[in-house]
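Colleague: In terms of our numbering, the sequence shown is numbered consecutively and its last residue is 285.
Honestly, the hints are just simulated from the structure, not real lab data. Values in this document were obtained by computation on a predicted structure and should not be read as measured data. Be aware that a few hints might be false.
The calculated label-pair distances, taken between Cβ atoms and stated as ranges, are [said to hold, decoys possible]: (1) N47 x E205: 52 to 60 angstroms; (2) A175 x N37: 51 to 59 angstroms; (3) G237 x S99: 32 to 40 angstroms; (4) T53 x N218: 38 to 46 angstroms; (5) A224 x S196: 20 to 28 angstroms; (6) T36 x N218: 43 to 51 angstroms; (7) G217 x N47: 26 to 34 angstroms; (8) K199 x A227: 18 to 26 angstroms; (9) K226 x S200: 26 to 34 angstroms; (10) T114 x T93: 27 to 35 angstroms.
Yeah, the Cβ is synthetic: ideal placement off N, Cα and C, and Gly gets one too.
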Amino acid sequence: MTLQQPFFKLAVLAAALTVACAAEATPYAFGSISFTNLQMTGLNSNNVTALSTTTKSDAGYPTSPSGVSRSGTTDVLQSYAGPGPFPAENTFTQALQSSFGTRGDALITGNLLTNPAMTAAAVAEGRLAPLGGTLTAASSGGTSTGLTFNFSTGGPATLCLTFNASDLLVANTNAIGDGASAAVSSSFSIVGTDNSYSKSFAPKELNASTSSTFGNGNGLISNASKAYSYQFNLGPGTYQFSFLTGAQQFLQDPSAVPEPTPLALLGIGALGFGIARTRKNRKQA
């Protein structure tokens with residue numbers, strides 16, 4: 001897979017704003033993915049010259065009072081909608097099981113070249129809120145984070161990417177007409193600027209989705225932290241390394257919601273959202 005843009009785009013499902021009458025239904029969805037000890041060995045070789053690094057995180061929810069979409073270079077502000085209460089910033093565990101609303105957050109820290117090693121996480125969570133004895137018909141949103149690293153090699157170079165990663169996806173419904181789904185996605189690649197080299201990885205367990213409809217069973221995917229390692233054998237040239245990850249949730253009542261397409265298939269080329277407006281947008285070269 002060749003990435004044409006440096007960032008990861010998370011497709012956010014449009015929210016329907018009609019009203020349903022099943023006041024007792026409480027669809028719930030949660031998707032979270034995290035990475036630790038993400039590092040690339042071989043970058044300090046005499047044959048490798050670092051050129052630039054760019055990181056970016058996004059979080060967005062339709063009609064969110066916190067700003068429809070939020071963007072940041074490394075630590076995006078949490079985006080949320082609904083009565084809450086909501087957890088503190090950078091809470092990547094379940095937090096809305098007994099309250100109503102939707103939220104998204106993302107974070108990426110560290111450096112590929114020096115210690116500490118990089119960490120990254122993204123979360124999307126929602127529980128459909130009753131409003132005046134009825135339910136809003138749908139709620140959707142997502143988060144993403146990632147980086148691009150540009151470098152050149154003056155001769156043959158072998159780079160090794162290593163990291164630990166885990167994810168958790170939950171989708172619960174308890175009434176006819178409910179729908180809930182959650183998905184996570186991640187991808188890694190190195191592409192030569194002259195297109196002479198292209199190699200990418202998207203581990204299956206880190207590109208997953210689950211759903212529940214009409215109260216018929218609950219979706220659950222849980223992958224404990226696991227070590228990953230990938231090797232890149234490069235010749236002389238200029239290259240771009242990209243790391244892209246994100247999470248998405250969708251809730252609906254009274255209609256069933258189909259299981260979402262894995263986010264890796266929803267436009268992995270640009271990090272961010274084309275939602276209405278962006279309150280904060282900071283870039284780091």
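Colleague: Per the hint of 18 to 26 angstroms, is the separation of the Cβ atoms of K199 and A227 within bounds?
Modeller: Once the Cβ atoms are compared, 20 angstroms apart, the range 18 to 26 angstroms for A227 and K199 holds.
Colleague: If you check the beta carbons of G237 and S99, does the distance land in 32 to 40 angstroms?
Modeller: 52 angstroms, violated
Colleague: Is 27 to 35 angstroms right for how far apart the beta carbons of T114 and T93 are?
Modeller: 29 angstroms, holds
Colleague: Do the Cβ positions of G217 and N47 conform to the proposed distance bound of 26 to 34 angstroms?
Modeller: 54 angstroms Cβ-Cβ, so the 26 to 34 angstroms window is violated.
Colleague: With respect to the beta-carbon atoms only, verify the hint that A175 and N37 lie 51 to 59 angstroms apart.
Modeller: The hinted range 51 to 59 angstroms is violated for A175 and N37, with Cβ atoms some 42 angstroms apart.
Colleague: Note whether the CB distance of K226 and S200 lies within 26 to 34 angstroms or breaks it.
Modeller: Given about 19 angstroms between the Cβ atoms, the range is violated.
Colleague: The hint says 38 to 46 angstroms between T53 and N218; measuring C-beta to C-beta, is that right?
Modeller: 41 angstroms, holds
Colleague: May I ask you to test the hint 52 to 60 angstroms on the CB atoms belonging to N47 and E205?
Modeller: At 34 angstroms between Cβs, range violated.
Colleague: Kindly confirm whether 20 to 28 angstroms is satisfied by the beta carbon distance between A224 and S196.
Modeller: 38 angstroms, violated
Colleague: Is 43 to 51 angstroms right for how far apart the beta carbons of T36 and N218 are?
Modeller: Given range 43 to 51 angstroms: violated, Cβ gap about 28 angstroms.
In summary, the structure is inconsistent with hints 1, 2, 3, 5, 6, 7, 9 from the numbered list given earlier, while agreeing with the others.
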